[in-house]
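Top to bottom, those sequences are chains R and B.
Residue numbering for the first sequence follows our numbering, beginning at 1 and increasing consecutively.
Residue numbering for the second sequence follows our numbering, beginning at 1 and increasing consecutively.
Warning: the hint list may mix true and false statements.
So the derived label-pair ranges between C-beta atoms look like this [claimed, not checked]:
id, chain 1, residue 1, chain 2, residue 2, range
1, B, Q17, R, R28, 38 to 46 Å
2, B, E104, R, E3, 14 to 22 Å
3, R, A68, B, E104, 38 to 46 Å
Hints were generated in silico from the structure; no laboratory data involved.
Predicted, not measured: the structure shown is a model, and the values here were computed from it.
Note that the Cβ used here is the ideal one computed from N, Cα and C, for glycine as well.
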Amino acid sequence: QKEVEQNSGPLSVPEGAIASLNCTYSDRGSQSFFWYRQYSGKSPELIMFIYSNGDKEDGRFTAQLNKASQYVSLLIRDSQPSDSATYLCAVRGGTDSWGKLQFGAGTQVVVTP
Amino acid sequence: EAGVTQFPSHSVIEKGQTVTLRCDPISGHDNLYWYRRVMGKEIKFLLHFVKESKQDESGMPNNRFLAERTGGTYSTLKVQPAELEDSGVYFCASSQDVLAGFYEQYFGPGTRLTVT
């Protein structure tokens, strides 16, 4: 079992619709959760982070965290063609490795005009 | 504010040769990380510096890899001798004071290493 799991996609989303991305993690001691966007051939770009259970909104993006279910999600509202990218879920562990991020393989999102 | 920079952007070397990758973190970021993505796999952690000290090097694959961060500023990652399986994209990231709760890591553009 991978430590951070994401559906690889591609997730096809019509322009203007909501894209919903899911991520599960295995380490119950995980403390912090991050969503990165990566365009092809580019570096990961941090778009959201969440540390507490519940929702966190930033512009068109909403991150949701449920530690009991070991689940974190990202919603992209009013999806635009420029949102087409691979979205990486990353999880920071507990006290043993407090700096290390563990990444999922990423979900490819394709926004169609 | 300048972001994380890495040099070179690409490197093609032959098996058995040595390559040194450089990373300059965001100014003022004490924490510096190296990650690697090999073809078709997820990004994997290599190691974590806090200033000039190695905080966690649990991801370093073997003793052919040597990371340094003299003076607590830029870092180098040397691969000697390089093997075919070392090919991939090497990312550097940095973050502010983790102990103060700043856990967000900002990534550089990466160095694409090809070993032939």
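Right, here's what the structure says about each hint:
1. Between Q17/B and R28/R the Cβ separation comes to about 44 Å, which falls inside the hinted range of 38 to 46 Å.
2. Checking the proposed 14 to 22 Å range against E104/B and E3/R shows it holds: the Cβ atoms sit about 20 Å from each other.
3. Distance hint for A68/R and E104/B: a CB-CB separation of about 24 Å, inconsistent with the stated range 38 to 46 Å.
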